[in-house]
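Asks: Listed here are the chains, written in short residue letters.
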Amino acid sequence: MSNIDSKIPEGPLAEKWSRHKAAIRVVSPANKRKLDIIVVGTGLAGASAAASLGELGYNVKAFCYQDSPRRAHSIAAQGGINAAKNYQNDNDSVYRLFYDTIKGGDYRAREANTYRLAEVSPNIIDQCVAQGVPFAREYGGTLANRSFGGVLVSRTFYARGQTGQQLLLGAYSALNRQIDAGSVEMYARHEMLDVVLVDGKARGIIVRDLTNGEIKRFGAHAVVMATGGYGNVFFLSTNAMGSNGSAAWQAYKKGAYFSNPCYVQIHPTCIPVHGSQQSKLTLMSESLRNDGRVWVPKKKEDAERLRKGEISAVDIKDEDRDFYLERRYPSYGNLVPRDVASRAAKERCDAGFGVNAEGKAVFLDFKYAIERLGRETIEKRYGNLFQMYEKITDVDPYTHPMQIYPAIHYAMGGTWVDYNLMTSIPGLYAIGEANFSDHGANRLGASALMQGLADGYFILPYTIGDYLAGEIMVPKIDTNTPEFDEAEKNVTGRLEKLYNIKGDQPVDYFHKKLGHIMWEYVGMSRNEEGLKKAIEEIAELKKEFWSNVRVPGEMNNINPELEKAGRLADFLDIGDLMARDALTRNESCGGHFREESVTEDGEAKRNDEIGCYASAWEFQGEDKEPVMHREELVFENVKLTQRSYK
Amino acid sequence: MADKILKKIYVKVWRQNNPSEKGRFETYEVENVSQGSSFLEMIDILNDQLIREGKDPIAFDHDCREGICGMCSMYINGHAHGPDSEITTCQLHMRRFEDGETITVEPWRAGAFPVIKDLIVDRTAFDKIQQAGGYVSVNTGGVPDGNTIPISQVDAEEAIDAAACIGCGACVATCKNSSAMLFVAAKVSQFAKLPQGKVEAKRRAKAMVAKMDELGFGGCTNTGACELACPKNISISHIARLNREYLKAKFSD
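Those sequence lines, one after another, are chains A and B. Take the first sequence: its position 568, counted from the start at 1, is 568 in the working numbering, and no numbers get skipped. Take the second sequence: its position 250, counted from the start at 1, is 250 in the working numbering, and no numbers get skipped.
Rather than coming from a laboratory, the hints here were simulated on the basis of the structure. Certain hints may be false.
Stated by the list, open to error - Subject to a maximum C-alpha distance of 25 Å in a straight line, what follows is the list of computed SDA-like cross-link-like pairs (lysine to any residue):
{"id": "1", "chain 1": "B", "residue 1": "Lys55", "chain 2": "A", "residue 2": "Glu214"}
{"id": "2", "chain 1": "A", "residue 1": "Lys367", "chain 2": "A", "residue 2": "Glu304"}
{"id": "3", "chain 1": "A", "residue 1": "Lys513", "chain 2": "B", "residue 2": "Glu31"}
What the hints assert, rightly or not - Sample of chain B residues with no beta-carbon within 12 Å of chain A, all distances over it, derived:
{"id": "4", "residue": "Gly23"}
{"id": "5", "residue": "Glu26"}
{"id": "6", "residue": "Glu106"}
{"id": "7", "residue": "Ala249"}
Glycine is no exception: its CB is placed at the ideal position from the N, C-alpha and C atoms.
If we strip away everything but chain A, and leave its shape as in the complex, we get (with noise of 0.2 Å):
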């Protein structure tokens, strides 16, 4: 039997976070001074939480592994950040926003979030514009807007193709003038490597100072993780280098439940895979699909010459493009959400019209846009992305349409957690990325910006509190106890048992094996058969990793590859607990495409009999078969249909 408490408070849909608000304890400001809190990293959610409790007026410290806050991964994201404003007057709402997220995350994510995000979202906004964020701006002084994937309103807010950029710049100024106050101290190039219980409670931390590789504790009366997504377990992914999975992995071995690992988004529009020596992807904007028009040859033959590179992309007649998306959903064309558009893409180059030397590519042509618009107009919009495009490739897209593929994004699996952003261990929280909740089984455009700073601003500043408010008695948490010793010896014992296997494979040649696996049977396109394949490789693999990995250097210096090895041996126990997870849903949901559940047109099935469930896994121990929870997911407010966007 599930045991499962989501904590979703009773009432009508709109007025659950505002009750609940009302219901929850808050801390006075004189108590708050004695409560320390951890947050670990510092993206989006995490530095918006860091700076909101500094200000609150809480102890806070900040970990995160890059040598500043200011270079996490959401830095990285290009198009922009939804809210519901409704300032272009096109019929938005809450209600409009919440419907498109719970559609296009395929009906697999949690009613009562959802709406939270999107009732929250017009105050982001406003928050960012405060901070001295310069969004794009209209000749009249007002905010800029436009629209993005799965969408017909324009509610997308954006600073040029760095809108993660500038939102991220925000929320660390925000944390800078809270470590310059002292309510924040900052531990950067610090590694979190395990979570610290006492009594049940998270109740601190053990890192990594990864320039001397001193293991140091962290006690508090509250633990909060915003460490991203898992996505590098498939080693190619447009995540950071870094981006890892070990800080969830670490609290799902102490009994935090993870919630839907399967589920990792597949972006449309990444600059393909080419040769053998590429260490990552690179996204390409999913704005752009705005202004581009994706096709394919319509013949064969005419795809053929292309890989073979006796003709080029301009060679080809408009009469002999297939724009498939237009053809096959004519009312949202190129604007489909990502789900759709990346199993269209593989559709067509698995039937033999990919476009590039590996026949893994499809054209986004601007010729288009450029006649209609000049090619003024396109640069002004997307100049910074066409820069890159062409610094990657060596083709100018301005003159050549761009070659894209799909590729693996963002997690929207994750920690499980309740209606208070808290995990199943008490005192320990996951915001953004590392939760699982608000996005269901796909991600629109533009919403993981807003769920990070949703998390971080105004969301869990105030349940932390009302967790916290039980625990104003409980003095400063001492870090010379047992339950602490004991943390440290597990952490300094498994970086021994890493450092000294002195095999004779670096890391990556195992992360690169890993990926394959992962990308050939847990990625877009999964069976039964291949998931428990996927199962046996990974099982081999881990085997030979913990007996055959050469991890060079010093444990007490700088050390990247000690920290990557560390990683790994997590993505390997991630990768058998997606592929495991895959396995359990029979249906295809978002972008997880499984082969025995398909519409007679060759669209995703869902089949919401068996599946309208989050999957909650439970460790049992090592080398121990994990339990699934499964928590149900009652939708009250919106009718299950079949997603079309035709």
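Following the hints, position chain B against chain A.
Replies: Using the frame of chain A, we list chain B on its own:
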């Protein structure tokens, strides 16, 4: 288009095990590098080779590998972020190099950025400058609707020109005085073009400049090397604006 393979290149790179050790150059050979690979992917290949040979791989800072996080930081053949303009090292590709070439790689050189190991330097001085006043003093919540603060499109565009700074430190590393003026100017200039935070503009300019001096960055002599090295094309006109803001603040003392 198939990329050509560089059969052999030589990488002459700065090795320094810790801040107190004396550094030295080592030269390594790398074979079969695709010209489609990025410069950092070439270092990955070299590191793979070093690990297999039982040697210590080269430590270098990098993260997003798409030109925006500002983490990668190296001097390549005498240029910050390599020979191309307006890109970071991670966006530099091997098609810029020839077969048989020797490529010299060094860390950022500035007293305020001490070497931690090999190519990794400590840039926390930048964070400290921002902490001294690179923000608008506004708490979370209780702010007005975004459209009640209208900003002309021209001002918003100029603000974002300045805000595009990624804090990589190429400007400091390139400056003969190791000055942080372009970095500081970018932040001060962003806010100078916006109505938000105007009330604390004077305090901001003075505090950030004072912190920059205190942390050991040199003075600006308007040589302009910083602008040339900047991967985000931040103009030195922002330095002029910083100077105006600073003087205004000083005169009103």
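Asks: For a quick check of understanding: which of the numbered hints are violated here, in increasing order?
Replies: none
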